[in-house]
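> Starting from the given sequences, assemble the full structure and let the hints guide the process.
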Amino acid sequence: MNWFEALLLGIVQGLSEFLPISSSAHLVIVQQLLGINIEGNQLEFEVLLHFASLLAVTIYFRKEIKEVMIGFISYLLLNKKENRVHYRFGWLIIIATFVTAVLGKLFEDLLGKNITNTATIGVSLIITGLFLFLIEHGIRPGKRTIRQMTWKDGLIVGIGQALAILPGISRAGSTLVTALWCGLNKETAVRYSFLLSIPLILGISVFEVPKMSRVYFETYLLETTIAFLGSFVFALIGIKWLIAMVNRTKLSFFALYCIILGLFVWFYIQDVSIV
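According to full-length UniProt numbering, the residues represented by the sequence shown are 1 to 275, in order.
Hints in this document: simulated from the structure, not taken from any laboratory. Ideal Cβ placement from N, Cα and C applies to all residues, glycine included. Keep in mind that a hint or two might mislead.
Using C-beta positions, here's what the derived DEER-type ranges look like [as the list claims (entries may be wrong)]:
#, residue 1, residue 2, range
1, SER205, LEU130, 51 to 61 Å
2, VAL233, GLU64, 12 to 22 Å
3, LYS66, THR150, 40 to 50 Å
4, GLN42, PHE264, 21 to 31 Å
5, ILE36, LYS80, 28 to 38 Å
6, LEU263, LYS81, 28 to 38 Å
7, LEU263, TRP241, 31 to 41 Å
8, LEU55, GLN32, 20 to 30 Å
9, THR150, LYS81, 12 to 22 Å
10, LEU221, GLY35, 20 to 30 Å
11, GLN32, TRP241, 20 to 30 Å
In silico DSS-like cross-links for lysine-lysine, where the CA-CA straight-line distance does not exceed 27 Å [what the hints assert, rightly or not]:
#, residue 1, residue 2
12, LYS250, LYS186
13, LYS152, LYS186
14, LYS250, LYS240
15, LYS81, LYS240
16, LYS240, LYS143
17, LYS66, LYS250
18, LYS81, LYS63
19, LYS240, LYS105
20, LYS186, LYS143
21, LYS66, LYS80
22, LYS63, LYS105
23, LYS143, LYS63
24, LYS105, LYS143
25, LYS66, LYS152
Have a look at this one:
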């Protein structure tokens, strides 16, 4: 992998992390189509890109994160009623994250190696496309805000997020669909979806970072730095793009893209196994 390929993978990861098109599927497809070989440990490289995306979403939603954290702690310690909504919202994030972790591990164990073959990716991309069509043409946004959310919302959205363990199922798309299906309005659904990505990516990073080899990053310092910066910058672009597209009801473009890409993967690179 040279510096240009590292930059390309960083851009792909950053843009697709928060757009409803599945970052994991796009990384696999780009590597297969262009024959990009990541020297060393691919998992370490992917965790690095995810951490860049985590940094981007944390910076973008820093005000919301601060509000929820301060409100949660204030209500927990001081029982201030004005902070009850943030306290409940914090628990809804915790509930959904827990459900995602448990079901995600279960799905991973059940599917085994089949979870990363291109046949699975192709079908999953098509399903993601259908999800996105549902957002605009099948599911009417509700009127419920954070104040009206219940533990059932956290449970259902957590299940939706767990489906994104499959490369090709978009985390953003599945959480948006389930949140809107629960009757949340678009603003609340988008906010919940983005904030849910933080503990999920953070958990993966914390679990995998101690396993990373210092030698790997010293050996490929230029490539990893370029990929990290590319992922960070384009993740910020992807966040702004998705918010704008949801508000303007333009997700059908992403839906059509995912279905076409899924069909392409299914018919033309279905026989390729990905390790």
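> Each hint should be assessed against the structure and marked as holding or not.
These are the hints, each one checked on the structure:
Separated by about 31 Å at the C-beta atoms, SER205 and LEU130 break the suggested range of 51 to 61 Å. The hinted window of 12 to 22 Å between VAL233 and GLU64 holds, with their beta carbons roughly 21 Å apart. For LYS66 and THR150, the hinted distance range of 40 to 50 Å is not satisfied, since their beta carbons lie about 24 Å from each other. Checked against the hint of 21 to 31 Å, the pair GLN42 and PHE264 passes, with Cβ atoms roughly 23 Å apart.
The hinted window of 28 to 38 Å between ILE36 and LYS80 is violated, with their beta carbons roughly 52 Å apart. A hinted range of 28 to 38 Å is violated for the C-beta pair LEU263 and LYS81, which are about 53 Å apart. Roughly 24 Å separates the CB atoms of LEU263 and TRP241, a value that falls outside the hinted 31 to 41 Å. Separated by about 28 Å at the C-beta atoms, LEU55 and GLN32 satisfy the suggested range of 20 to 30 Å.
Range check, THR150 to LYS81: about 19 Å between beta-carbon atoms, so the 12 to 22 Å window is met. In this structure, LEU221 and GLY35 meet the distance hint of 20 to 30 Å, their C-beta atoms being roughly 23 Å apart. As the Cβ distance of GLN32 to TRP241 is approximately 25 Å, the hint placing it in 20 to 30 Å holds. Pair hint LYS250 plus LYS186 holds up; C-alpha atoms about 13 Å apart against a cutoff of 27 Å.
Under the criterion of a C-alpha separation no larger than 27 Å, the hint pairing LYS152 with LYS186 is consistent with the structure, at around 18 Å. Only pairs whose Cα atoms come within 27 Å are accepted, and LYS250 paired with LYS240 is accepted, the gap being roughly 14 Å. Distance hint between LYS81 and LYS240 is unfulfilled; the C-alpha atoms sit about 33 Å from each other, more than 27 Å. For the given pair, LYS240 sits about 23 Å from LYS143 by alpha-carbon distance, which is consistent with the 27 Å threshold.
Restraint check: the Cα-Cα separation between LYS66 and LYS250 comes to about 30 Å, which exceeds 27 Å; the hinted pair is violated. Taking the CA atoms of LYS81 and LYS63, the gap is near 20 Å; set against the 27 Å cutoff, the hint holds. Distance hint between LYS240 and LYS105 is unfulfilled; the C-alpha atoms sit about 30 Å from each other, more than 27 Å. The suggested pairing of LYS186 with LYS143 holds, with an alpha-carbon distance near 8 Å, which does not exceed 27 Å.
Restraint check for LYS66 and LYS80: the C-alpha separation of about 16 Å stays at or below 27 Å, so the hint holds. The hinted pair formed by LYS63 and LYS105 fails the criterion: a straight-line CA distance of about 31 Å is larger than 27 Å. Of the pairs offered as hints, the one joining LYS143 and LYS63 holds, with about 23 Å between alpha carbons and a cut-off of 27 Å not exceeded. Simply put, LYS105 and LYS143 have alpha-carbon atoms about 33 Å apart, too far for the 27 Å limit, and the pair is violated.
Of the pairs offered as hints, the one joining LYS66 and LYS152 holds, with about 25 Å between alpha carbons and a cut-off of 27 Å not exceeded.
The structure fails to meet hints 1, 3, 5, 6, 7, 15, 17, 19, 22 and 24 from the earlier list, while all remaining hints are met.
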